Amino acid sequence: MKILVCISQVPDTSTKIVLKDNNTAVNTQGTTWIINPYDEWYALIRALELKESGVASDVHLVTVGKADTEPVIRKALALGGDQAVRIDADSNDPYETASYIAEYAKSNGYDLVLCGKESIDYNNGTVGVMLAELLDMDYIGFATNIQVEGSTATVKREIEGGEETDTVSLPVVISCQKGVAEARIPNMRGIMAARTRPLNVVTPTAVTPVAAILSYEMPPAKAGIKMVSPDNMDELVQLLHTEAKVI
Amino acid sequence: MSSTEAVKAIKGGEFLIRETSAEDVFIPEEWNEEQLMIAETCTNFLAQHITPNLVRIDDQEEGLMPHLMEEAGALGLLSISIPEEYGGFGKDFKTSMLVTEKLGAGNSFSVAFSAHTGIGTLPILYYGNDEQKAKYIPKLASGEWKGAYCLTEPSSGSDANSGKARAKLTEDGKHYLLNGQKMWITNAGFADIFTVFAKIDNDENLSAFIVEKSFEGITLNPEEHKMGIKGSSTRQVFFNDCKVPVENLLSERQNGFKIAVNILNLGRIKLGGGTVGASKEVTTQAIRYANEREQFGRPISKYGAIRYKLAQSAIRTYASESAIYRASENMEQATEHLVETGMDAIKAKLKGTEQYAIEAAIIKVHASETLNYVVDEGVQIYGGMGYSAEAPMDRAYRDSRINRIFEGTNEINRMLTVDMMLKRAMKGELDLMGPAAKVAGELMSIPDFGGSEDEGLFSKEKKYIAGFKKAVLMVAGGAVQKLMQQLGKEQEVLMNVADMLIELYVSESTQLRVEKLVSMRGEEACKEQLDIMRVYINDAAEHIAKSGKEAINSFADGDERRMMLMGLKRFTKTEDFNTTQARRNIAAKLIEENKYCF
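If you read the protein sequences in the order shown, they are chains E and X. Under numbering that gives the first Met the number 0, the first residue of the first sequence is numbered 0, with each subsequent residue one higher. Under numbering that gives the first Met the number 0, the first residue of the second sequence is numbered 0, with each subsequent residue one higher.
For reference, chain E alone in the conformation it holds in the complex (with noise of 0.2 angstroms):
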């Protein structure tokens, strides 16, 4: 069984968002850039974990990006993976990243594809289902536990108020989110295999965005916070109604 993991670079979360070009642009410089903790904690190490039981034979990771975004795919091939590929292209825009990928994974026959949820930079969350629809696959969202035998995934899944169990035949693609896998942290021999890990740029065939992001505003400001003591219960309840106009 092939699997195909989806690895988006994302900045890391604790850096301060800068806008730049009037609104229209976020300044990455000194951005430090990590792997999207959906990719790589779960989706990533579940599929690790896949190949180390026995049940798939290869995993290939997947990324769109220009080559500034090699050392995050590095990374991931540290911590496992037998090949990756940049998918030479900068996009913004779900479609066209699923797009791309659709193109790549097609030529490939993936039993399997794993993606994070959602990315944890501009959070769409629709480049696995929208992969699903362009390979033809059928697609399960924000999964939280996957178990694969033979040619049939089990997995769990949350929906309002509880848990749902799905079974699907191979091929399929599934978003993971907590619960799927444990962080894993890379170990030396990883670090070092990864340099020896082909690491191969396509370039693929151009495709027009769907969607373009106009502008970006920032949060308003963080209001103060109020401590209420516990036995005055009366200015809460003000508070909140006047206040917090929440009651």
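Any given hint might turn out to be false.
In silico lysine-lysine, DSS-like type, Cα no more than 30 angstroms apart, as pairs [claimed, not checked]:
#1 E:Lys19 x X:Lys301
#2 E:Lys15 x X:Lys526
#3 E:Lys19 x X:Lys588
#4 E:Lys225 x X:Lys225
#5 X:Lys488 x E:Lys15
#6 X:Lys594 x E:Lys225
#7 X:Lys437 x E:Lys15
The following label-pair restraints were derived from C-beta to C-beta distances [stated by the list, open to error]:
#8 X:Gly383 x E:Asp11: 30 to 36 angstroms
#9 X:Glu83 x E:Lys105: 40 to 46 angstroms
#10 X:Tyr302 x E:Leu239: 33 to 39 angstroms
Just so you have them, the derived chain X footprint on chain E, three or more residues with Cβ under 8 angstroms [claimed, not checked]:
#11 131-139
#12 190-200
Calculated from the structure, these hints are not laboratory results. Since the model is a prediction, treat every value here as computed from it, not as a measurement. Glycine included, each C-beta is placed from N, C-alpha and C at the ideal position.
Once you've looked at the hints, dock chain X against the given chain E.
Chain X alone, transformed into the frame defined by chain E:
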């Protein structure tokens, strides 16, 4: 001569009499992608395994520390620079220093880690024969076995060669019977392998032995109750007719003291790396707290008194770090050069390290005292919470203190710095006499009142550093001439000269680092680093002047004293500089980034 050849030709201690080019120093901003990945693994290891367990570690929960060492071993962190043939990763010295730095933020764990990978493993790796290395190194590298190092005794600490432990060959010639008491043995509680120093019969010098815990006749005292690093195991180890097979003699008979000294050279610079890692972490904690804690309606990071402390912590940490990686690179280059001349790799490593023993001692002192400053101000910034055992500063403060004591006290290291410098001069390895005579001549001449012709970004600082060198040469030269054989007994003067040397080396290292950084990133991107350099060198000038004055006043008198004091003034003169504004700029960056960010 190419620049690489020039670097190779520079010997340890030569910083006092030669100029170094910025392009020839290694700076931490040059880490490659793989090294950064390794650093991140260390940081993640601390975040996942150490930080959440600090209380359990300090409580010495049974089996926890050895388990954590094994976890580190599983990630490969115990074998970074162990050759691949022994199960390691064969990485260079700088990379192992980077790992030490990153794990240095791990409180007691970092002590256990450093003891195991340094003094616990290296004596066997560097001095063991093939059989000994094959038997012990792979298991130490993986963490399956843990190492400890038994040198200190109740009556022999700094004077290590005076130890009372004795080894005697058995009649059948198959074993040594080891007897003695060793004290302050890090990792003793869970170590499987002890490198033990003892004299065979009535030898003049120590020998070293590899002792397995399973050998008969080893007993341990209970854990010591310590001020800090409570989580690291520290016990007395008793050897009572402990039977050590003759094949476990390490290196040759009476070579133990040399082993101990050479391993300590490495340990000293590594201690520098670990303390810089701790300084960065503590500074970050202090910045975060200062940004969160509000008094009089504003975060305390808005107040100048707090900003001063934050800036000063960062300045000193940055300066220590600059010296550490400069010297690490030099050690590596010296080693490579020796290998190229045909020397065996391990011998070359020891020789290369020994070549920079002066710098290692300087770094040990500077970095440990920097951490002491940083934790002290950390407690202060935390205020009442700094004194509470619930906040991290209490532990950081207590854990820091040992660094000025172990791996040779800072007093011993200061004396060594001067002693080694002078010994090299006597042996003709280091030409101090020529430059010292030149400076003495300069004292008689008319001072140069003209401005510097060089108007480059670093011209002032380079001029100051050239002056610092003259100041050290003048004071040290004067002390040698006046005190002659008595100098060794005038410890106060030795301390003064050592302090001058330390400030000189660290100032120059900081200047070279910032110069190289500016050449890589441009002046605009290095504004705060330039401020760090300027403040550090400005302060160093005053420290050098003060130490120099104290020394001159103690050994010179009359006209000679007056002349030397005037010279000192001239050599440590700096132009007026607004250090307050520079510190404010540095603090503003730290506060904005909410972490140590240089």
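Results for each hint:
{"no.": "1", "hint": "E:Lys19 x X:Lys301", "verdict": "27 angstroms, holds"}
{"no.": "2", "hint": "E:Lys15 x X:Lys526", "verdict": "20 angstroms, holds"}
{"no.": "3", "hint": "E:Lys19 x X:Lys588", "verdict": "20 angstroms, holds"}
{"no.": "4", "hint": "E:Lys225 x X:Lys225", "verdict": "43 angstroms, violated"}
{"no.": "5", "hint": "X:Lys488 x E:Lys15", "verdict": "57 angstroms, violated"}
{"no.": "6", "hint": "X:Lys594 x E:Lys225", "verdict": "27 angstroms, holds"}
{"no.": "7", "hint": "X:Lys437 x E:Lys15", "verdict": "54 angstroms, violated"}
{"no.": "8", "hint": "X:Gly383 x E:Asp11: 30 to 36 angstroms", "verdict": "33 angstroms, holds"}
{"no.": "9", "hint": "X:Glu83 x E:Lys105: 40 to 46 angstroms", "verdict": "41 angstroms, holds"}
{"no.": "10", "hint": "X:Tyr302 x E:Leu239: 33 to 39 angstroms", "verdict": "34 angstroms, holds"}
{"no.": "11", "hint": "131-139", "verdict": "violated (count 0)"}
{"no.": "12", "hint": "190-200", "verdict": "holds (count 4)"}
Going down the numbered hints, you'll see the structure goes against 4, 5, 7 and 11, while the others check out.
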